[in-house]
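Got chain F sorted already, so can you dock chains Y, Z and P onto it with the hints?
There are 4 protein chains.
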Amino acid sequence: MSIKKICVVVTARPSYSRIKTALTAIKNHPELELQLVIAGSALLGRYGNAVDFIENDGFKIDEKVFMVLEGENPTSMAKTTGLGVMELANVFYRLQPDAVVTIADRFETIATSIAASYQNIPLIHIQGGEVTGNIDEKVRHANTKLADLHLVASQDAKERVLKMGENPATVFNTGCPSIDLASEIKQNPNLDFDPIEKYGGVGADVNWKEEGYIVVMQHPVTTEYASARKDVEQTLQAVHELGIPTFWFWPNVDAGSDGTSNGIRTFREIKKPENIHFFKNMEPKDFLKLLINSKCLIGNSSAGIRECSYLGVPVVNIGSRQNRRQRGNNVLNSSYDKNEIIKAIENRISSKNITSSTIYGDGKSGDRIADILAKTPLSFHKTITY
Amino acid sequence: MSIKKICVVVTARPSYSRIKTALTAIKNHPELELQLVIAGSALLGRYGNAVDFIENDGFKIDEKVFMVLEGENPTSMAKTTGLGVMELANVFYRLQPDAVVTIADRFETIATSIAASYQNIPLIHIQGGEVTGNIDEKVRHANTKLADLHLVASQDAKERVLKMGENPATVFNTGCPSIDLASEIKQNPNLDFDPIEKYGGVGADVNWKEEGYIVVMQHPVTTEYASARKDVEQTLQAVHELGIPTFWFWPNVDAGSDGTSNGIRTFREIKKPENIHFFKNMEPKDFLKLLINSKCLIGNSSAGIRECSYLGVPVVNIGSRQNRRQRGNNVLNSSYDKNEIIKAIENRISSKNITSSTIYGDGKSGDRIADILAKTPLSFHKTITY
Amino acid sequence: MSIKKICVVVTARPSYSRIKTALTAIKNHPELELQLVIAGSALLGRYGNAVDFIENDGFKIDEKVFMVLEGENPTSMAKTTGLGVMELANVFYRLQPDAVVTIADRFETIATSIAASYQNIPLIHIQGGEVTGNIDEKVRHANTKLADLHLVASQDAKERVLKMGENPATVFNTGCPSIDLASEIKQNPNLDFDPIEKYGGVGADVNWKEEGYIVVMQHPVTTEYASARKDVEQTLQAVHELGIPTFWFWPNVDAGSDGTSNGIRTFREIKKPENIHFFKNMEPKDFLKLLINSKCLIGNSSAGIRECSYLGVPVVNIGSRQNRRQRGNNVLNSSYDKNEIIKAIENRISSKNITSSTIYGDGKSGDRIADILAKTPLSFHKTITY
Amino acid sequence: MSIKKICVVVTARPSYSRIKTALTAIKNHPELELQLVIAGSALLGRYGNAVDFIENDGFKIDEKVFMVLEGENPTSMAKTTGLGVMELANVFYRLQPDAVVTIADRFETIATSIAASYQNIPLIHIQGGEVTGNIDEKVRHANTKLADLHLVASQDAKERVLKMGENPATVFNTGCPSIDLASEIKQNPNLDFDPIEKYGGVGADVNWKEEGYIVVMQHPVTTEYASARKDVEQTLQAVHELGIPTFWFWPNVDAGSDGTSNGIRTFREIKKPENIHFFKNMEPKDFLKLLINSKCLIGNSSAGIRECSYLGVPVVNIGSRQNRRQRGNNVLNSSYDKNEIIKAIENRISSKNITSSTIYGDGKSGDRIADILAKTPLSFHKTITY
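Chains as they are written, first to last, in UniProt numbering: chain F, 1 to 386; chain Y, 1 to 386; chain Z, 1 to 386; chain P, 1 to 386.
Honestly, the hints are just simulated from the structure, not real lab data.
Wrong hints could be hidden among the right ones.
If several chains are the same, the list does not tell them apart, and a pair holds so long as it fits within one copy or across any two.
Below, in silico cross-link-like pairs of lysine-lysine (DSSO-like), each with a Cα-Cα straight-line distance of 27 Å or less [what the hints assert, rightly or not]:
hint : residue 1 : residue 2
1    : Lys364    : Lys5
2    : Lys209    : Lys4
3    : Lys230    : Lys198
4    : Lys230    : Lys272
5    : Lys4      : Lys338
6    : Lys271    : Lys198
7    : Lys280    : Lys230
8    : Lys4      : Lys375
9    : Lys338    : Lys5
10   : Lys198    : Lys4
11   : Lys198    : Lys272
The shape of chain F in the complex, shown without the other chains:
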């Protein structure tokens, strides 16, 4: 029995949550060896030092790849991706994996896909087949066309990948590993820490213990770069007016990052909102505990679509970022309009009908992924099915 070397490339904080239990399952599987590459914004303090969480979780990192170009326009996104291809080509040449895993649809994930497939290394794409819009949409489906094995997170996604012409023998609905964490937390949902005490952050010392709280996480939508600042201001004003204690998370790296971040920073300096506390980051488990105990999640994070649907947490989903992704009855959409956002939050907070859903997994995705990797023959040749 030969051991397959599976090289997983994590390029950002949110990607780690989406793969963590699969990393553990790969590491522990007798027929697999985990090669872990941490790259891009996952290495950067400005985006929450995901690398520290990963090391604290006991993973050995085989390579670190610095590849993020600073900048305030989409050009730097493109150049970061190009640099990523060059760097990751080196990494795979050195590590000689039997397969490479690329995760979901962030812009830089295509760098992993190219560096692997061009070197004739079987490419495994996690969480293809979903629908959103914007550049993520293009990247996700391009990753599908470069990949040899598809481990998707929902039945809906599986059907879409098959329609695109992928061989049915290479498409598996594993569910999303992020639901594994959610499942674990759901069995023990106590908020057993004080968020401000444990994570510091900046802003008001909000009275969340008595009044409860909402959570906000709003990322810039890259193809609407110029309006990132205006968009986030609507949410800031809505949340400020409502006056409910709020935990707000800074956005992760993207071309519009400074638009959104600057919007938040300026609002904070000028309005000094007395009901909002800001965090840079939180350990995934703590973040899930925070969500499960919250009144509502607001913004455009995919956690609202995935983890929250499983956890049954109400969500106000703003704008086009999660577009046509399949969702549970916990989600209410809103445009970038202060008043609509306020109404949507009030609706969600008072709703009685929100239930839990297993659209995105049943809590066993990590093990399922490792098993499929061990059992499925890997190839780097493919041809469209029609």
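Structure of chains Y, Z and P alone, referenced to chain F:
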């Protein structure tokens, strides 16, 4: 009426033939402005100095992009692509085109696609939707998923692009501009030059005038890198044994280039084949005249599938490179086996039933492409249709 | 008479102050044509958007080069430099200048030097020959050895460049263009704006109008990366204890940037110092007016050594960054020790003997530089003189 | 006792000969650990596959770095260097050496210097302080200014490095390791192999056994790129006219490489010179045996200045490439003129006064270098001495 700036990126000699008449039509169209970027191996003497032909044809080049890494393995293909993304991102940032055109499926064409789509520039993909195999297959379909407008070369290709989930309003069967050249030549097919006199080259001074001749063009198939040398030797031996005067063209750049090239070089030094003359390159028109007057084309060039089907030239297509591409009755397939190749050539040379076909175009593709570019609204947003 | 195209590459905010009057003089000189390239941190909002000041000053920018890699260690400094070489090679290939100007000794300036000299373009180095220590020291002298013409800022520097083996016909003491600005301001030194009103910034609304103020600008010293945070805390505590109204400027980009910046940010959040106001940036002229009206400049900025010596402003120079640079009697050195810093500030504020000096120029450097560029024959061949 | 990790970067075939015995001595030294990085043209078949010789010599290679850009102009030299900085920054980050060794003055050696010094790794420069001209001259002295320890090959070079302001405690005349090999061969100088039989090559089967032979090695001089072809043709004609059996070596990688190579290739095709046999490469020991038994070495190789001075082999040194390098009485200079080259060769072949010299070493350089590396304290801080 505003003028649309259309930026076309040509990265290799064969891509130029596939786009030339469209370049002329764009240049001459009153509503379009041509921005021409020459990149990659199209700039290199080792691969035939396509740039010189392009300038001789009267095109003004807006940017030259040196991006080809030397090397003897697929790692350099990947790194060339990454470097291409970085360089082309700069180029598009500077030229600010209204749309970017990427051509077909060579490995580095995805660099154009990423650099444009990540900067929110509408991306036009020429000649998607075909089927081959190998890395070209992955690159072509990934280009489709990154592109906003699809100008394909056959009905078959159009249906495939639609099945992949592209919006029907963005998919047009224009035929292939390479057929425009072929159509021109077909109307005046005299071989009005002496190939050896005009192009030099090396090897035997073959007696083609009296005996007729065959043409060989065999490229390395990148995912079978190691065997490139062995494969080309079978063809060399077959052609040598047959003893028919032969014009052989060196392969273009690819990871296996040195395998194939070394195979040819060594065979030449050792066997000094008295019936083979070797060329580096030929002007596209002269090449078509050479084909139309030949007994047969041998190898794996796409010219065998496209131009030769229109011209009605017999073709022996070797190996998997053109795999499932639609073809006329002029083509006979062969494996990499000397004896099978010999038999296939004999069959083709003596066949009486070879007819001309318009599968890949009717000779008016260039104008059709320019018209569509002028009339179709350009966008950089899209969502899969299912 | 042919016009010489002089391409100047500005990679950071402070470099712009050091070259501005020369840019104007080149632009206005009948025998010269200015090609202006803005690169690196000069393009980034995080580092003060130097590009905006440059455009406001009426300069046309020929190329913008995004090349700064994010990161928290010296690796990203090296990679930024490598990327700079690649990008600037393209830029010079396109602009075809008759000479390229690289400024001083920041780490990325060697990218300009390599991209020009390797392409056989005469290289002009501004402000070589000084002595500091750290990586700047290595970069500055390596720039000298790559350069063909040396325009230095002091007699001391001229002698040092000659000793290194440069041809005397290629070494000129022009003084520093930053003194040209200082000279202009000195003739009209009124603080004719309210800094907080005009530039915003964050922190306390200090009572500078009645009590006067000091200015702090402390950059990380890259080879002591780990201690950047500790070092800046000593200065913060010293300034806080003294209680004098203080205008503090954030540091510019460097590998230790986040160490210093985080030190400042944390101190601010925790101590909320009531006597410190923080600025990101200021127009060069306003900055000079601020200095000339201040009680003292504290930190390790080269403005303390250059402009302040000409303006006669007292300076406390902390640590090794300005090391062995020639200086006037306005400067008092201090180690990174809170108590020593306090004593040094008190000494400077009460000193009666501080005079003005022309070590670094007489206010006419810009014109002098343009004249030399116009009159000196340019070559890209050189040989060491011994 | 802690072991020092010494990372040596070899970027080209000729650099390997200049460091080989030092590599062995470092590998065998109890206080040192060798980290070997092979990069650039040393990895490429077109330039003689130095990597194969290195592995055959029993060295373990820690990293291979593909970084050579194809191209026909100096732009690709600059871009290769920039890419080298980026790649080598990664390599040193991963290997964490205690010191990095950069060799001599090829254009890409500055990439090693920057990647090491910017990451605060002590940099050791081998063979600085010599004088030539052209871009090598600039690169060599820039390397000196970036380096912390200088191991030079002659007394002359040592004095020059000191004059440039380096600390005397960091400058050592070790001689050149290439002389160690030469010394070994000199003790057993029999030509114990048939060059054509062992190395193949192309061209005439010259009668060297009876008539004796000369050796030619002529590299392009990069700052005279356009004339590389013209220059080499003069040498080709001279050697052809003389009619003496000749072993000619193809040039190594450089911007003009294709100029020189094409000149040779074309001359070969057209003239089919019956007295010249061409080699791509030869093992260093065999090359030295070939030299010691030859009538004369012609061209601009540094082997003519170094190894041949020690071996007492007559040399005709053409053009400016070796310019002001110290040399023995074996060398006669010539311009790029056929007739002058012919006269010079005739002079050398008939000269009676050529003696051996130890200017560049006594045969013990390798061990001396390892000892100094083990005993000298390593630092990455330095300041010019004046």
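Hints versus structure:
For the identical chains of this complex, Lys364 and Lys5 are intra-copy neighbours only, at 22 Å inside a copy versus 46 Å across copies, given an alpha-carbon limit of 27 Å. In the homo-oligomer, the alpha carbons of Lys209 and Lys4 never lie at most 27 Å apart, since the shortest distance is 49 Å inside one protomer and 56 Å across protomers. In the homo-oligomer, the alpha carbons of Lys230 and Lys198 lie at most 27 Å apart only across protomers (23 Å), although the nearest pairing inside one protomer, at 31 Å, exceeds that limit. Taking identical chains as interchangeable, the C-alpha atoms of Lys230 and Lys272 lie at most 27 Å apart only when both belong to the same chain, with a minimum of 18 Å there against 29 Å between chains.
Proximity of Lys4 and Lys338 under a CA criterion of 27 Å is satisfied in neither setting, with 52 Å inside one chain copy and 37 Å between copies. For a Cα distance limit of 27 Å, the shortest separation of Lys271 from Lys198 qualifies both inside one copy, at 25 Å, and across copies, at 19 Å. Proximity of Lys280 and Lys230 under a CA criterion of 27 Å is satisfied in both settings, with 21 Å inside one chain copy and 23 Å between copies. In this assembly of identical chains, Lys4 and Lys375 lie within 27 Å of each other by CA distance solely inside one copy; the values are 10 Å within and 45 Å between copies.
Taking the closest pair of Cα atoms, Lys338 and Lys5 never come within 27 Å of each other, the shortest separation being 50 Å inside a single copy and 38 Å across copies. With identical chains, the CA atoms of Lys198 and Lys4 are never at most 27 Å apart, being 40 Å at best within one copy and 42 Å at best between copies. Proximity of Lys198 to Lys272 under the C-alpha cut-off of 27 Å is found in both arrangements, the shortest distances being 22 Å within a copy and 21 Å between copies.
The structure is inconsistent with the numbered hints 2, 5, 9, 10, although it conforms to all the rest.
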